[in-house]
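Number of protein chains: 2
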Amino acid sequence: MGKLLRVNTKEKTFGFEEVPEAYAGLGGRALTSKMILDEVPATCHPLGKANKLIFSPGLLTGSPAANSGRLSAGAKSPLTGGIKESNSGGYASQKLARLGIAALVLEDKPEEDEFSIIVINNDSVEVLPAGDLTNAGNYEVMEKLWQKYGKNVAVISIGQAGEQCLKGASMNQADLNGRPGRAHGRGGLGAVMGSKKIKAIVVDDKGAPRVEIKDPEAFKAANKRWVDMLKSHPVSGQGLPSYGTAVLVNLVNEAGAFPTKNFRSGRFEHAQDISGEKMAELIEQRGGVTTEGCHPGCVIKCSNVYHDKDGKYLTSGFEYETIWAFGAHTTIKELDDIAMLDRLCDDFGLDTIEMGVAIGIAMEGGMIPWGDGKAAIDLLSKVGDFAPEGKIIGNGSVFTGEALGVDRIPVVKKQALPAYDPRSCKGVGVTYATTPMGADHTAGYGVTANILSVGGTIDPCKKEGNIELSQNLQVATAAIDAAGLCLFIAFAILDDEDGVPTIVDMLNARYGLTLTPNDIVALGKSILNNEKEFNRKAGFTEIDDQLPEMFNETFPPHNTTWDFTLEELSETLKF
Amino acid sequence: MGKLLRVNTKEKTFGFEEVPEAYAGLGGRALTSKMILDEVPATCHPLGKANKLIFSPGLLTGSPAANSGRLSAGAKSPLTGGIKESNSGGYASQKLARLGIAALVLEDKPEEDEFSIIVINNDSVEVLPAGDLTNAGNYEVMEKLWQKYGKNVAVISIGQAGEQCLKGASMNQADLNGRPGRAHGRGGLGAVMGSKKIKAIVVDDKGAPRVEIKDPEAFKAANKRWVDMLKSHPVSGQGLPSYGTAVLVNLVNEAGAFPTKNFRSGRFEHAQDISGEKMAELIEQRGGVTTEGCHPGCVIKCSNVYHDKDGKYLTSGFEYETIWAFGAHTTIKELDDIAMLDRLCDDFGLDTIEMGVAIGIAMEGGMIPWGDGKAAIDLLSKVGDFAPEGKIIGNGSVFTGEALGVDRIPVVKKQALPAYDPRSCKGVGVTYATTPMGADHTAGYGVTANILSVGGTIDPCKKEGNIELSQNLQVATAAIDAAGLCLFIAFAILDDEDGVPTIVDMLNARYGLTLTPNDIVALGKSILNNEKEFNRKAGFTEIDDQLPEMFNETFPPHNTTWDFTLEELSETLKF
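Going down the list, the sequences are from chains H and X.
Position in the first sequence counted from 1, then plus 1239, gives you my numbering.
Position in the second sequence counted from 1, then plus 1239, gives you my numbering.
Heads up, some of the hints might be wrong.
When chains are identical, the list treats them as one kind, so a pair holds in a single copy or across two.
[Claimed, not checked] With a straight-line cut-off of 20 Å between C-alpha atoms, the simulated EDC-like cross-links for lysine to aspartate or glutamate are:
#  : residue 1 : residue 2
1  : Lys-1540  : Asp-1624
2  : Lys-1813  : Glu-1736
3  : Lys-1348  : Glu-1792
4  : Lys-1572  : Glu-1560
5  : Lys-1288  : Glu-1792
6  : Lys-1445  : Glu-1792
7  : Lys-1517  : Glu-1560
8  : Lys-1288  : Glu-1788
9  : Lys-1249  : Glu-1788
10 : Lys-1436  : Glu-1603
11 : Lys-1249  : Glu-1792
12 : Lys-1348  : Glu-1365
13 : Lys-1776  : Glu-1807
14 : Lys-1436  : Asp-1624
By construction, these hints were calculated from the structure, which means they are not laboratory data.
In isolation and in its complexed conformation, chain H is listed as follows (with noise of 0.2 Å):
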């Protein structure tokens, strides 16, 4: 294990210190939660000084181990007011853990305005003035900074949103080309690094040696089982590498689970003008890039470069939600447009499900017309101006949605819902009602089973099945989180029994442990045990574990409700 680096963001001082005997075999999201639980009070104000965010390298992330470089943050959530894990691509994640670092942490609050930036080598820590870094955008902050630090430096940055602590700012992360591309994007956290006034954070691993691997041949043997397994996955393999995650619009759209007009329907008769392949076909046209990874050591490379129709560099990571929530959830079927939507959020730092449900909420209540593209282009820049309606916007769904007296939000502990209805989709619906996270997907994937047939089938349409696949599915993505891995692994692990035991393998080659994959399921457990503990201490009950009540409307084309009671659904996470 490496060390604690805490910050203090009042004082301007620093200090490392031994990882306790408690957290030992703890690292990304096993890390930030138990360390939040552990330290911040949960009745505290998100924003105040008595909050911590908390970044920290999953276990494997410093290794060669495929698609280990995912970074976890965490905080308590200005969003929601609960626990909140955010991981992201980047480069990080890597860095720090070369340096040693396994967490570091962001500590009391300045009184004063100015913005400070935190630089981290292998030598020093440095708090120093932001200067004419403040009030930019990500993309001239990160360009700034490779400027100055070089392109070999990390870079973590929040825009105009975090600045004004908006509940749905983000913090961005430098891809490889440096550009704000990358995102820890849900819940807010980019508000609590600008209630700590840290406009950015540059981590340089240069002269830090390479991560100890205490069996490096077991390691490498895994580790090639590893790469064959996610590079001969249809999923990991083929469909991902070749249209990103947008394959989804065509797919989820024919399953009738591609929420549609701030969720009225499962389908969106304009999906063809904004799906993967017509994305694919139009960065092809305009010398953009396919297949990018999103850290050095990726194999899927999910990720994509999309230039505009003048051939000239437009956005980059442009994600199958960010799509769906700019797109069908608005109406807009400009993809144009949705990119730009996408690139301003980059550049902003927020997050972009949460920005395109506001935006349909917008609509909804009347302040910009359906499916208008320019005029959520418009909107969103308000962000930037420090506008007034940008800081209606910039706060989410929930916000916006009370600022206008709409009262169809789809959300769950304030969080905005994904790309993937809950009634026709029925196991990500239960991971959204019961995830300690909000509304998120990525706590537990069900689209799987539901809609891909990636281990197993379940129908999507009918309960049964479904509360045990989210439960499976959030125990296993917390402990992928805590490993620092990618969830696009996923597809290969459930479909290939020497999955979990190959990660096991590069784990204990890695620290020269005896770990089985029962230990991995009982580390899933503990962190969603912990952010369980979080919450509860923070207010939330078994009700604030379910959807809201505009989901008791009749979902079509398939005529779905969400059926399940609170008492199914608190069994989900019961261990």
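Following the hints, complete the assembly by docking chain X onto the known chain H.
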């Protein structure tokens, strides 16, 4: 008992029904809270069709009992998410009682955008198009409705805030001059009325009989004792009639419990400029009215009419909490600016406490400068313009704080704390924390024994005795609200052992009952238990029964802190 009048706001239909056996003996807050518990799903969206807006006159309302003309309004609150009862003076309650209406229940909600008005008289109930009343402020609405229906009708209406479904929206009642100086202020019930697209309710009792008094002689005798008691008490007989509720400015400031600059200290250096004495002086100079009742039969007459420096009408019903909220809390020291802010609240239909606190939060967040009355007037005016800034401020303190990233927000259950600091007036602090209503001084006015030496003396800066004080007052207040009595009768009944028996005598004479004072206590407790039960079903826990962390700060001049534990507070309403 009278009848229930249900109006379906979607179908524009109505029906009368007998009051069910289970509701026998309930009126005012007792009836609204019981019906909401029974009929409104606790987890519904407050602006959705499942919420109901219920008006109920008190048990003594319509009788000649002095100060018995209050009207309770209840619903699930858009502001707190819990149950809400908010009562007001005005004409409506007595007229509804004479029409034999125990409760008026607004149900469902229309799909179209057009507003309606409800006109209730002795022969008919009509739901009519609001026409040119739509988008109008309460002053204009009331003037037009008096022009159309005559000066003998009661009017309850919403302004632009309620139309926009803002969480700070009040429902205003025409005062004795047809001006919207009386308000169901707290909890955003105007937004519920707005969600149901009801712009105004007109109540005409022409031709209705007097309410039946079973034993007129006994009633008359008890009421005489009652009037004497109210008139002979120094607070209700002298202080309030002379200076209005603003008599408290100097008293509470002197006690060091006058929250200044967003609860940073307990004394405001410009308290004299906004005191009741100063106000009375200006009113007399300018030709206003210092002493006016809020409903026929009031013998306390704490209300007033305030003219501007040119001697023209500016506002009425100008109260202590309003003056505090727009004054000391924001450090605005110009009484005329504060009066203008009060007028804007009455016109747009906004709770003055919530708005004053929100304006202070806007100052805390840098949106406008501290102490700048003109900037506050400009900002509040945006509500009337339907502008984005208005949607922020009009949604109250939490919303404004969230828009601006402010972490010092003085609320309980998302409702703003009123004009008495909980650290140096702990009796009312316990009420703020524990009442099911969200922070509300009227729910258990511990200022009595803490500062006014009414009903004994309990040290406002120490814990001892203040839990019991709050409990006793909360129980008594719930019963007072059920009777339809003005809260200010409490001064007399706390200091006169014959107070409660006199009320009991009036109830018995009115209905031919044999109640005892113990029955009144039992009624108060049952009301609170119903309200707590609704909140529990809505997801509230004991964690919601506390003050936010900002009250851990030491509070000058007495250097007090908020030092009750959750365990201590949880005892307050355990019966």
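### Query
Against which earlier hints does the structure fall short, listed by number upward?
Checked against the structure, the hints that fail are numbers 1, 2, 6, while the rest are satisfied.
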